[in-house]
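Colleague: Quick note on numbering: the sequence shown equals residues -13 to 80 in this note's numbering.
Worth flagging that the hints you see were computed from the coordinates, not collected in a lab. You may find that some hints are simply not true.
Here are the in silico distance ranges between beta carbons for each label pair [stated by the list, open to error]:
#  : residue 1 : residue 2 : range
1  : Val(-3)   : Leu44     : 45 to 55 Å
2  : Ile47     : Pro76     : 25 to 35 Å
3  : Ile55     : Leu6      : 18 to 28 Å
4  : Phe3      : Val56     : 25 to 35 Å
5  : Pro75     : Ile27     : 19 to 29 Å
6  : Thr1      : Asp38     : 43 to 53 Å
7  : Pro(-9)   : Ile23     : 47 to 57 Å
8  : Lys39     : Ala(-1)   : 49 to 59 Å
9  : Val52     : Arg80     : 25 to 35 Å
10 : Met8      : Phe59     : 24 to 34 Å
11 : Phe19     : Lys39     : 19 to 29 Å
12 : Leu2      : Asn50     : 50 to 60 Å
From the three backbone atoms N, C-alpha and C, an ideal C-beta is built for every residue, glycine too.
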Amino acid sequence: MQPMPDPFAMVKAMTLFYFLFMGGMCFFFALFFAFWIWMIIDCATNEPPGNDKIVWLLIVILLNWVGAIVYFFARRRNRNKGQFFKPEPPPPMR
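Whole structure, please, built from the sequences with the hints as guidance.
Modeller: Take a look at the structure:
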């Protein structure tokens, strides 16, 4: 006689898969959320005042993590290299 297969083996496997999959998804969503918040703060604090700042903030906020990735590659990396703008020096003291 063959041993009886565990009737709940499939349920156990599906439950394990569900928890591993959902745990991984929660981890990635948390990473994307943290990256999104980081890009919002970076845009709000480091972009020069004007229309560009407003447009980039709207892009990052409305497009969520996709907008954050676009902002990261389009503005932040180049700004760190000094390609977009340089702050004006303060006026001379008299």
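Colleague: Which numbered conditions among the earlier hints are violated in the structure presented, ordered from lowest to highest?
Modeller: 9 and 12
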